[in-house]
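Peer 1: Modelling step: build the complete structure from the supplied sequences, incorporating the hints.
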Amino acid sequence: MTEDWRTADELDVMRMIEQSTHEIWDEKLVGKIYDYYADDVVVHAAGGDVEGSEALVEDTLARLHAFPETEMNIEKVIWEGNPDDGYYTSMVRTITAKNTGATDYGPATEKTMEDNLGIANCLIQKVDGEWKYVEEWIVYDKIGYIQACTPDDDPIHNY
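Count the sequence shown with UniProt numbering and you get residues 1 to 159, in order.
Everything labelled a hint here was simulated from the structure, so no lab data went into it.
Any given hint might turn out to be false.
What the hints assert, rightly or not - Think about it this way: if two alpha-carbon atoms lie no more than 25 angstroms apart in a straight line, the pair counts; the simulated BS3-like pairs of lysine-lysine are: (1) LYS126 / LYS76; (2) LYS98 / LYS76; (3) LYS142 / LYS98; (4) LYS98 / LYS28; (5) LYS76 / LYS32; (6) LYS32 / LYS111; (7) LYS28 / LYS76; (8) LYS111 / LYS28; (9) LYS126 / LYS98; (10) LYS126 / LYS111; (11) LYS142 / LYS28; (12) LYS142 / LYS76; (13) LYS32 / LYS126.
Peer 2: The structure is reproduced here in structure tokens:
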């Protein structure tokens with residue numbers, strides 16, 4: 001019997017990143033956040049920090065409501081670390097999605113956000129015997145996101 005990678009001594013970093021990204025964003029299994037993220041995770045993102053797995057679920061659901069057909073493509077992953085200290089990872093990704101749901105910027109625009117570039121840097125450590133994301137730093141093309149969520153005559157399009 002093979003050991004479960006989530007509890008293995010050495011983490012298969014690529015497997016965790018690819019599987020968690022695919023399940024949460026492509027398969028829309030948002031509840032998987034509870035499997036992959038620590039309860040007290042902190043995600044540092046444009047617009048402020050998201051603290052705790054429950055808040056992360058809510059934030060992810062809101063994004064998927066606004067862009068239900070999100071297609072996330074992992075372009076490159078690098079990492080460094082060890083089982084004792086954890087692993088620092090960096091994932092470059094692009095998102096293509098159509099705004100068909102309301103956002104904080106207003107009603108759906110039906111506009112497509114094409115290849116929105118972003119980077120997710122994470123710290124993965126063992127929490128209660130399982131590998132979990134414990135902290136994440138996300139940067140992405142926030143202007144491109146806002147432009148997809150606002151009408152073309154909005155002043156944001158002048159940037």
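Peer 1: So which hints don't hold here, by number, going up?
Peer 2: 6, 9, 10
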